[in-house]
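Number of protein chains: 2
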Amino acid sequence: DLSSMAGRCTLLRTRHALRCLHNSRSTSLIQNGSINVVFCKGPSRLSTRSHTCGELCSRHIGEEVTLCGWVQYLRQDLFVILRDFSGLVQVLVPHDESKHELRNTFCGLSVESVLMVKGRVKRRPEGQENKNMPTGEIEVCAESVEVLNTCRTLPFEIKDFVKKSEAMRMQYRYLDLRSPQMQANLRLRSRLVMKMREYLCYQHGFVDVETPTLFKTNSWGIEFLVPSREAGKFYCLPQSPQQFKQLLMVAGLDRYFQLARCYRDEGSKPDRQPEFTQVDIEMSFVEQGGIRALVEGLLQYSWPEEKGFVTTPFPCVTYEQAMQDYGVDKPDTRFGMKLTDVTEIFQDTRIGWMRDAVTQSHGCVQAIRVPEGSKHLKGKDMESLKNTAQTQFTQEVDTMVVREDGSLKSPLGRLLAPTTRHQLLRVTRANAGDLLLLTAGARERVRPLLGKLRLQCAELLEGHGVRVRDPAVFHFLWVVDFPLFLPKEDAPGQLESAHHPFTAPVPQDVPLLYSEPHKVRGQHYDLVLNGCEVGGGSIRIHNSAQQRYILQNVLKEDVVLLTHLLEALECGAPPHGGIALGLDRLVSIIVGSPSIRDVIAFPKSFRGHDLMSNAPDFVVEEELKPYCISVVWPSVEGADRSPAPPPED
Amino acid sequence: DLSSMAGRCTLLRTRHALRCLHNSRSTSLIQNGSINVVFCKGPSRLSTRSHTCGELCSRHIGEEVTLCGWVQYLRQDLFVILRDFSGLVQVLVPHDESKHELRNTFCGLSVESVLMVKGRVKRRPEGQENKNMPTGEIEVCAESVEVLNTCRTLPFEIKDFVKKSEAMRMQYRYLDLRSPQMQANLRLRSRLVMKMREYLCYQHGFVDVETPTLFKTNSWGIEFLVPSREAGKFYCLPQSPQQFKQLLMVAGLDRYFQLARCYRDEGSKPDRQPEFTQVDIEMSFVEQGGIRALVEGLLQYSWPEEKGFVTTPFPCVTYEQAMQDYGVDKPDTRFGMKLTDVTEIFQDTRIGWMRDAVTQSHGCVQAIRVPEGSKHLKGKDMESLKNTAQTQFTQEVDTMVVREDGSLKSPLGRLLAPTTRHQLLRVTRANAGDLLLLTAGARERVRPLLGKLRLQCAELLEGHGVRVRDPAVFHFLWVVDFPLFLPKEDAPGQLESAHHPFTAPVPQDVPLLYSEPHKVRGQHYDLVLNGCEVGGGSIRIHNSAQQRYILQNVLKEDVVLLTHLLEALECGAPPHGGIALGLDRLVSIIVGSPSIRDVIAFPKSFRGHDLMSNAPDFVVEEELKPYCISVVWPSVEGADRSPAPPPED
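For the record, the sequence lines run as chains A and B.
Numbering of the first sequence is given in my numbering, commencing with residue 76 and proceeding in unit increments.
Numbering of the second sequence is given in my numbering, commencing with residue 76 and proceeding in unit increments.
Mixed in with the good hints, there may be bad ones.
Which copy is meant is left open, so a pair is good if it fits within one copy or across any two.
[Stated by the list, open to error] Here are the simulated DSSO-like cross-link-like pairs (lysine-lysine), alpha carbons at most 30 Å apart as the crow flies:
id	residue 1	residue 2
1	K270	K382
2	K405	K455
3	K527	K405
4	K563	K700
5	K631	K700
6	K270	K631
7	K450	K461
8	K239	K450
9	K382	K450
10	K700	K461
Derived from the structure by calculation, the hints contain no laboratory data.
Looking at chain A on its own, in the form it has when it is part of the complex (with noise of 0.2 Å):
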């Protein structure tokens, strides 16, 4: 009985014998009360179903099975393919005379209704089987329906969802979900997270501690704020866990890990959430090669096996070896294109704009090649690399064909003496058929634009059928030695944290922070996937000190916001650090998936809105009172400043 099951399965604990458990099958029938259960293995445990549609299989056949899922279509008035989440069967309506209403039901059915339906698994006629379905050498054949619910005519097709427009989508999210992509996306997902617990959790003994949603803000701008019944005071939603990850270590818990919920109020930058969610580690007793060595076990244990192996441990590079070959700080390294600086080339050039661009302070004259470019690349792709240059860089940029004859089609090509041409493309490794473009000025403004044209080849490459980068691979990278500060954007002359304020400086790095802080290096790592940051973290400050100085002295910030946290290290904060994965950016990139909207399950407009639910919503006037808070509406243009009603909805 039901008992004795529950009890057999306890004494059973371990998980080896679960294993076992959960892949025999009970079939047993149990009578408890008026509810039938059936024990079955896994998904169909405790549900009014026996099987799942897409477990069947030959080994099912002559089986009494019960089947509940959607119509997905009907086929000649005698077959139902029908769905669960689990995939497709085929449901042989019966003709004979005596099941005269069972087919009426079926044949009245519209397509995604929901069904119970009884039936015995049999082999499909010779000949009549679909190699193409994983259920298609049988069929089951109906010996009772139930219609669990009706469908109202639907606008699409499930199937071809995907296909609709994305505020389509939103609004029907729920339909949107049905579609096999989606499906399979939350469960990879669901199945990720999961390892990555068991790893942490089991192999290095991580505790999963839940920090608060509603914090103090401190870092206005980019936080939601969230109004209290106190007149003025507002709570805020955190952009992660960071103080209160580094406050567990203070409070020595050692290690401790969270699937985090944070919030960022960016308006609508691309492909951004205002809610994401981050796998937030922190260690104490820890330095940089742990977490690393940590992280890179995590994605290896957790990595999902129908997406190949992967290989540990990950090339690291420095952030200023990033710059120089891949004018950016998190380089796709599927392929090559890297920058070549060949401005000793042009050291003693005599074309002005070269000469000016080498002789300022930083300059440099750099060049990457386009393997076979000129073979694939238009004229109207040179343009639009060009278009790039000009319109976010300011710059030009020479777009040169590699001739047979080793001369270069370019306009620059005339000017450029022959032991000039054949150093270039000695030290670009150029060849006939390559395109080489080449730009020249201060190396802060050359790498960047060469990092940026180098996607961009790729991407016109990849528009003209050729493989660049293969999307079946995972290219691993860390990012290491960043510089701690950089200059503020809007006033160069401050320092800003190039992360966060919390981040420990490179030790032997130290020294320089009392005098030219601009030269220390952080203990920061980004950990890059195919090109996107996927991650990032630091060893931390755990000196109260430092920490102090560095806040008022470097960065001229006001410390009375944080002084729980500089309390907090004084009363002896063991030394920690940590590292926080995106995870939606992450499972996005192991799905294939160009936008993170693809792997949450209601996610947020670019506008940030939820098309389905239509949030964020008006709320009564009344309501906003106990918050203390009134809206401010905008006042009509040109209009007195007297309040505009509000907008309709």
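We have chain A; now place chain B onto it with these hints.
Relative to the frame of chain A, chain B by itself:
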């Protein structure tokens, strides 16, 4: 090397293999650049320590170890007691002259300083073992020490911290969490949650899906609002993912779970938190019994071993039975003292107020018997019981002490005819020394009153040292067959949902929906543990027409806010149901803590404040502009209506 080690991990990836790996010890020292990574088991892998303090025992004698931890105390300039999350270990400070410097370092230490100690494990000298200390057989003979951080003088000792005031504990939460009690609570919670996930994912095929925190407001008054950048439009923080989990069922996800953060702005209800966590579960194609069996298995599987074995199935009573026997819908079944209806005995009573009570609608006379109550409860206790009845229920209650001769010491005693008295003693099974509490009135008042007094008696008895409820015992109970609707408190002519408007009616009661909706029972189930509601759920309405009828015709609600849900039910919604377990409460009962604040890392105070970081806090007016809101400062009483200046922080 590192990569082959990691490779081996993955090859041996089955759980069984991992456990073996986990239990074995690899002590090979790996030089990875400048970083020494020592591979140790579990919690010391990838760390700068080789062992945790608490794991050392006679097995380690002779081993060279590296420990990292906090100075618990120094003893006789000879011993340092070092602490980490795992426990304490005694470090022997060498006293030979050659170690002069080492000794000086130790002796200057303040408590709670952070050290890295290298040394050798040795057996303690005969007679100096400490049997009360898990590591009491050994000590570590220090060979070197590094002070990783110092600690300022604390106003209290960590071990006494739990005795400090709540406010001080909250302000220095990072110190409070260092106590063994709080460490144990957070670690137990993490383990429990991990086991729950295993059970749901691996045994039953559940999918972990995250749902949004920024949602649409739909039950004004207890939802936190989040202003958006569109004037007048607000998100809200959801009270639960109820709508999302139902939509996931419509989406065919089949089985969903989530450890979901939920938000309720209820002001300062005792032991409530503005944010809390629930184990949120929903299944398709399931009936009540399936969900109940799932939850029973879940708790049995995840229950901490040291807390005993959970027997299933749990007992199940109807709401009506619970009210009848215990006067409450969440009875504490660890003890008796059930309500006894004695109306019949008093059917023909001549005592005026009793006759009045009996003859009114639903009138009754009821009693509870407190075994040996007269022995333990004093006059003051009786007064407090009567006081509760008077102040909270405006009811009279009669306390009757049963004397040795069977007579009753009570104001009422003299008025009772001998037969009545005999009958009363027989029906309540009262013996000499027992105490009877007797009251009369409408059933709807009498039951809750006696339910309350029953619990109060238990508390009073326990206050006198009588063992009524065993704190080490866990009594689970299902309560079912709740009414679907209840009269509105402020408008008894109208109905409101007893739980929420998505609960399905009991099938045989459906016809009553259209005639006598107040008689309809819901397919709702509450899970009660030791008298606390730890979970609640229901089979949901999956029929669009029924859902619309209930919202519009029974509850008279505006259905516009729920358009998306009603539309979803029209698109092939499967039958489904689920439950939510209150994780904070559940864990607090397991660890035997009176407050959920003891199982939350960073809880809010009664008034919803974070006393450590000082949240909520004032925000400069400038920061409110993007959100088109302004603060309405409360006007000073009696003054003119101009806004008051912001109060001081």
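Going down the list of hints, with the structure as the test:
1. K270 with K382: For K270 and K382, the Cα distance is within 30 Å both inside one copy (15 Å) and across copies (27 Å).
2. K405 with K455: So K405 and K455 pass the 30 Å test inside one copy only (28 Å; across, 74 Å).
3. K527 with K405: within (11 Å within a copy, 64 Å between copies)
4. K563 with K700: between (40 Å within a copy, 24 Å between copies)
5. K631 with K700: The answer is between: 25 Å across copies meets 30 Å, while 38 Å in one copy does not.
6. K270 with K631: Intra 43 Å, inter 47 Å, cutoff 30 Å: neither.
7. K450 with K461: within (18 Å within a copy, 97 Å between copies)
8. K239 with K450: neither (36 Å within a copy, 77 Å between copies)
9. K382 with K450: neither (33 Å within a copy, 73 Å between copies)
10. K700 with K461: neither (56 Å within a copy, 40 Å between copies)
Hint compliance for this structure: hints 6, 8, 9 and 10 are not met, and every other hint is.
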